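Chemist: One-letter residues, chain by chain:
Number of protein chains: 2
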Amino acid sequence: MPFELTPYLEERRSLINEALLKELSRLPSDSRVRAAMDYSLNAGGKRVRPVLCLAATDAVGGDFQQAMGIACAFEMIHTFSLIHDDLPAMDDDDMRRGRPTCHKAFDEATALLAGDALLSHAFEMAFRKVPGIDPGRYLKVLHAMARSVGCFGMIEGQMRDLLGETHLVSLQELEAIHRLKTGAIIEASLFCGGVIGGGDDKQLAALEAFGRRIGLAFQVTDDILNVDGDPNILGKATGTDAARNKSTYPALMGLERAREFADQLIKDALKALAAFDNKSDPLRSIANYIIKRRR
Amino acid sequence: MPFELTPYLEERRSLINEALLKELSRLPSDSRVRAAMDYSLNAGGKRVRPVLCLAATDAVGGDFQQAMGIACAFEMIHTFSLIHDDLPAMDDDDMRRGRPTCHKAFDEATALLAGDALLSHAFEMAFRKVPGIDPGRYLKVLHAMARSVGCFGMIEGQMRDLLGETHLVSLQELEAIHRLKTGAIIEASLFCGGVIGGGDDKQLAALEAFGRRIGLAFQVTDDILNVDGDPNILGKATGTDAARNKSTYPALMGLERAREFADQLIKDALKALAAFDNKSDPLRSIANYIIKRRR
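So the sequence lines, in the order shown, correspond to chains A and B.
The working numbering applies: residue 1216 is where the first sequence begins, and numbers increase by one.
The working numbering applies: residue 1216 is where the second sequence begins, and numbers increase by one.
Derived by calculation from the structure, the hints in this document are not laboratory data.
Since we're looking at a predicted model, the values are computed, not measured.
Check before you lean on any hint, since a few could be wrong.
[To be verified] List of simulated lysine-lysine pairs, DSBU-like, C-alpha gap at most 30 Å:
| id | chain 1 | residue 1 | chain 2 | residue 2 |
| --- | --- | --- | --- | --- |
| 1 | A | Lys1461 | B | Lys1237 |
| 2 | A | Lys1355 | B | Lys1344 |
| 3 | A | Lys1355 | B | Lys1237 |
| 4 | A | Lys1486 | A | Lys1344 |
[To be verified] Over the 10 Å line for every Cβ pair with chain A, so calculated as not near, a few chain B residues:
| id | residue |
| --- | --- |
| 5 | His1299 |
| 6 | Ala1304 |
| 7 | His1336 |
| 8 | Val1384 |
| 9 | Ala1424 |
| 10 | Asn1503 |
All C-beta atoms in this analysis are idealised placements derived from N, C-alpha and C, irrespective of residue type, glycine included.
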């Protein structure tokens, strides 16, 4: 029987949403910070990072429930970054996924604190929901998670992205920015899921290689869709990158070469999983989905 | 020979500064985020939290060097909170300790990201610098640290402080705000230092009780000095709380009762250490120093 992605994603997302809801219910009910965390965490996110994390645990033959804490932690970290990125001092966005952004629904101070609290709560939860693996090994998981956030990952990427907005950057710099800004967390989600599932060094390296490629492919595809996508299907305006003179893959290498590049990245991502059995079908299917988004 | 606080603090601060410097030197040298982290971390802070953390390790008979990683993590968390609190969306302060605040020296986006990066780096470092204790026990240390930051600690306190600025709060609410905003991190610094030093449950409870009292005593003393302190000695203006109609201990209970309250808190703090031997002299001496600041 071929693997069916849609019901798989639905089931996993519902488990992840349940776990996130349960986690937030532990926080003081009268807290305004919690209300803002809640608002942004339940804003219809696709749960890409936790889904990948749990799928990596599956791929190496582990029990995905063991990785649920870390998977949710990655979603909280992702949400924290969206809240802060939307602030007036950063991208100054009023709307996200059809709803007012956190600082519009609450206020700037509350949004700032809600982001901070999501980041610290991601760790607080990770320390509490210790999976049944060797604690020393778990500390390595936590280290990989934390490393993907700061100056070696997402935050450094966001800084460079802001600095690069004023001019067209080189293709090399664009790739470095994306690898830091979105790639680091995706790679770490897969790596951490793999470690918790009991993966060996070779498998973990393969999961990271897979993550690096799909992370970039996702970004290139986003850039392409901003050029040739259907606004009705995407649910957001297209052509905005070109209007803002933004450094994108289509802008730097042309639309056709950007498409080829995305396809090649997905082929390389699938190749990285060659040694895995059919327990990695969800990961393969997610990679193929990234291409299908364009069709 | 009586314990001498000044040379002790000088020595410890110099060790802490050295460890923080070494830690930051690991970050990418061309990173603007790192430059801003550096700027705020080396802004002449008194290193109160790491000093207390290491002193707690001493007090239970442990090796303070084992706690250096966690001690530095607490200083990074403290610095992150100062950077974000100074932002225009929060307290909107242009100067701190005689220098422009981070967002004035850099810009708002950089300050926001530098705060975020300090928080995530605090955890990254803590996972790397694992002390020679049982990893399961260490996870408890990390959990206590993370818990003191978010909705059960500092961030919740800052939120309530902002919400309380518009009216005079009750004495009970004022104490709750301070216990969350500054007390939680101080208590956790002492608790974590004690756990790393091998303290038993009774000792850890005593260290937390000590922390709760000195944290509050420090705040009450700050409030008192804002009424009757010498601006030349303090290095900052006085009378500002009354001008802003801020809820403070002198405002809510009168100056004389506020003084008595601070003295009582220090007495109670010292009482909490009754079962400790002279290895806790640094902690006792720090508690007494809080009273001496007023003289």
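Chemist: Tell me the numbers of any earlier hints that the structure contravenes, in ascending order.
Modeler: Per hint list: 1, 4, 5, 6 and 7 violated.
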